[in-house]
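Enquirer: Using the sequences plus the hints, can you model the full thing?
Number of protein chains: 2
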Amino acid sequence: MVFCFLFYSIAERNLLKGVTCILTSVKELHIISNGKMPIEQLCEIVMDIHPYVTAIHLREKQKTARELFQAVELLSAANLPLSKVIINDRADVALVTKAGGVQLAFHSLDAAIIKENFPQLRVGSSIHSYEEGQQAKENGTDYVLYGHVFPSQSKPGMTPKGLNELTRLTQLAIPVIAIGGITPENTGQVLHAGAKGIAVMSGVLEALDPLSAVKAYLNVLKNGDGYNGRII
Amino acid sequence: MVFCFLFYSIAERNLLKGVTCILTSVKELHIISNGKMPIEQLCEIVMDIHPYVTAIHLREKQKTARELFQAVELLSAANLPLSKVIINDRADVALVTKAGGVQLAFHSLDAAIIKENFPQLRVGSSIHSYEEGQQAKENGTDYVLYGHVFPSQSKPGMTPKGLNELTRLTQLAIPVIAIGGITPENTGQVLHAGAKGIAVMSGVLEALDPLSAVKAYLNVLKNGDGYNGRII
Chain A
355 MVFCFLFYSI AERNLLKGVT CILTSVKELH IISNGKMPIE QLCEIVMDIH PYVTAIHLRE
415 KQKTARELFQ AVELLSAANL PLSKVIINDR ADVALVTKAG GVQLAFHSLD AAIIKENFPQ
475 LRVGSSIHSY EEGQQAKENG TDYVLYGHVF PSQSKPGMTP KGLNELTRLT QLAIPVIAIG
535 GITPENTGQV LHAGAKGIAV MSGVLEALDP LSAVKAYLNV LKNGDGYNGR II
Chain B
355 MVFCFLFYSI AERNLLKGVT CILTSVKELH IISNGKMPIE QLCEIVMDIH PYVTAIHLRE
415 KQKTARELFQ AVELLSAANL PLSKVIINDR ADVALVTKAG GVQLAFHSLD AAIIKENFPQ
475 LRVGSSIHSY EEGQQAKENG TDYVLYGHVF PSQSKPGMTP KGLNELTRLT QLAIPVIAIG
535 GITPENTGQV LHAGAKGIAV MSGVLEALDP LSAVKAYLNV LKNGDGYNGR II
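Protein chains in written order, with the numbering used here: chain A, 355 to 586; chain B, 355 to 586.
Among the clues, some could well be false.
[Unchecked claim] DEER-style ranges, computed between Cβ atoms: (1) B/Glu560 x A/Ala431: 23 to 33 Å; (2) B/Gln424 x A/Lys415: 36 to 46 Å; (3) B/Pro510 x A/Pro510: 36 to 46 Å; (4) A/Lys415 x B/Leu436: 40 to 50 Å; (5) A/Gln424 x B/Gly542: 41 to 51 Å; (6) A/His461 x B/Glu394: 17 to 27 Å.
[What the hints assert, rightly or not] Far from chain A by the CB rule (all over 10 Å, computed), these chain B residues: (7) Gly389; (8) Lys390; (9) Glu398; (10) Thr418; (11) Ala419; (12) Leu428; (13) Ala431; (14) Ala445; (15) Ile468; (16) Asn471; (17) His482; (18) Gln489; (19) Ile528; (20) Glu539; (21) Ser556.
Don't read these hints as lab results, they were simulated from the structure. The beta carbon of each residue, even a glycine, is placed where N, CA and C say it ideally should be.
Expert: This is how it looks when you write it as structure tokens:
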């Protein structure tokens with residue numbers, strides 16, 4: 355703990371650029387797959403960006419369990435550490451692939467039940483309101499994924515939640531990862547609202563240069579409270 | 355083992371009618387849900403028939419994990435022992451509900467992977483050919499569900515596999531549960547082909563009197579090699 359604190363302080367002073375730094379107190383960068391991109395293409399991007407991100411979420415609602423399993427195998431072959439893999443909904447796939455966690459939606463198994471049965475999994479809950487955040491916290495989820503905060507191309511025509519509701523949610527004392535329309539330009543506002551991190555889909559996966567996009571997000575995350583990954 | 359053998363012999367002589375008899379050497383009767391019937395209606399039927407069947411399969415492809423979980427809770431409240439519940443595809447739902455097993459299709463996780471990670475689950479593999487049966491056996495599945503053997507209303511226009519292929523499959527020395535168009539009238543032929551048991555969907559769930567239908571199947575199963583459930 356003391357070591358971590360010291361390490362963190364030093365990193366803040368930019369004295370240890372280029373050294374891997376895993377800290378619980380720093381900001382997180384989650385990348386969410388979009389369910390459209392071929393896994394081989396996702397793997398090519400992941401091969402470049404994985405040292406700089408907290409997690410890669412496989413959010414592939416049309417894929418079968420067998421296809422998800424194969425996707426994790428491909429990602430692992432692309433050097434993505436399994437601890438950084440988060441599987442959407444399917445706890446069984448997460449368990450057998452030794453993935454780091456599972457992301458639960460309203461239609462998924464309850465977070466409390468997953469935590470009770472599979473304590474080895476990091477559990478995230480996707481929520482859309484303060485009340486759902488309260489419920490998720492009571493259920494013992496490890497973090498909530500909240501959105502969409504800003505207008506998002508994956509939620510056309512839907513009113514974004516905005517920063518005020520995000521600020522209210524972060525008072526619940528549960529890590530909040532903000533999602534939806536987040537750009538390097540507005541990431542600072544999200545952090546200022548109290549978010550523990552951000553989750554990005556098209557902002558990285560549809561960028562002309564995904565690695566540069568990741569680094570642009572990272573620069574803001576680092577200038578906030580730090581960053582959960584390699585300091586660049 | 356000696357006790358089982360003796361018990362079985364006595365039952366065969368009809369000296370112990372009405373006594374529960376769980377034997378590994380006897381025939382099985384699986385009931386498969388059809389994905390259309392409201393769970394409450396399924397529960398009403400299950401409440402009547404469960405003492406006489408080996409397993410109830412929840413094959414509800416449109417249901418979410420949360421809905422499947424709730425369905426198991428309702429079935430359990432209808433007195434169905436959890437050991438008789440088999441969940442289609444979702445091993446995670448089977449695990450957290452303490453269901454007896456999971457039924458795997460080609461698109462599911464591999465039987466070998468499920469057995470390795472969750473040895474507490476009875477694993478069935480749905481197959482459609484001798485070659486798939488060989489593969490399933492190599493993968494360590496506990497039984498195969500093979501069909502459709504006869505013309506079936508749930509497989510309109512598709513050529514049934516027939517009894518010859520079923521007979522060939524039962525040479526693989528893995529328990530074969532036959533499915534597809536099975537009636538009390540043709541159950542004897544299926545047993546003669548070497549099947550360990552039968553799986554029925556509409557023959558019971560769409561019968562005017564499901565309990566009478568179950569008993570009609572049971573009479574044939576008992577007159578074969580016995581029956582895995584209560585002797586009536």
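Enquirer: Run every hint past the structure and note whether it holds.
Expert: Consistency of the hints with the structure:
1. B/Glu560 x A/Ala431: 23 to 33 Å: violated, 48 Å
2. B/Gln424 x A/Lys415: 36 to 46 Å: With a Cβ separation near 20 Å, B/Gln424 and A/Lys415 fall outside 36 to 46 Å, so the hint is violated.
3. B/Pro510 x A/Pro510: 36 to 46 Å: holds, 39 Å
4. A/Lys415 x B/Leu436: 40 to 50 Å: violated, 29 Å
5. A/Gln424 x B/Gly542: 41 to 51 Å: For B/Gly542 against A/Gln424, whose Cβ atoms are near 42 Å apart, the range 41 to 51 Å holds.
6. A/His461 x B/Glu394: 17 to 27 Å: holds, 20 Å
7. Gly389: Non-interface label on B/Gly389 holds, nearest chain A Cβ at 16 Å vs cutoff 10 Å.
8. Lys390: holds, 19 Å
9. Glu398: Non-interface label on B/Glu398 holds, nearest chain A Cβ at 26 Å vs cutoff 10 Å.
10. Thr418: Label violated. Min Cβ-Cβ 4 Å, cutoff 10 Å.
11. Ala419: Non-interface label fails for B/Ala419: nearest chain A Cβ at 5 Å, not farther than 10 Å.
12. Leu428: Consistent with the label, B/Leu428 stays out of reach of chain A, its closest Cβ about 16 Å off (over 10 Å).
13. Ala431: holds, 17 Å
14. Ala445: violated, 4 Å
15. Ile468: With a cut-off of 10 Å, B/Ile468 comes too close to chain A, as the shortest Cβ separation is near 7 Å.
16. Asn471: Not fine: 5 Å to the nearest Cβ puts B/Asn471 too close to chain A.
17. His482: holds, 16 Å
18. Gln489: Label holds. Min Cβ-Cβ 13 Å, cutoff 10 Å.
19. Ile528: holds, 21 Å
20. Glu539: holds, 36 Å
21. Ser556: holds, 26 Å
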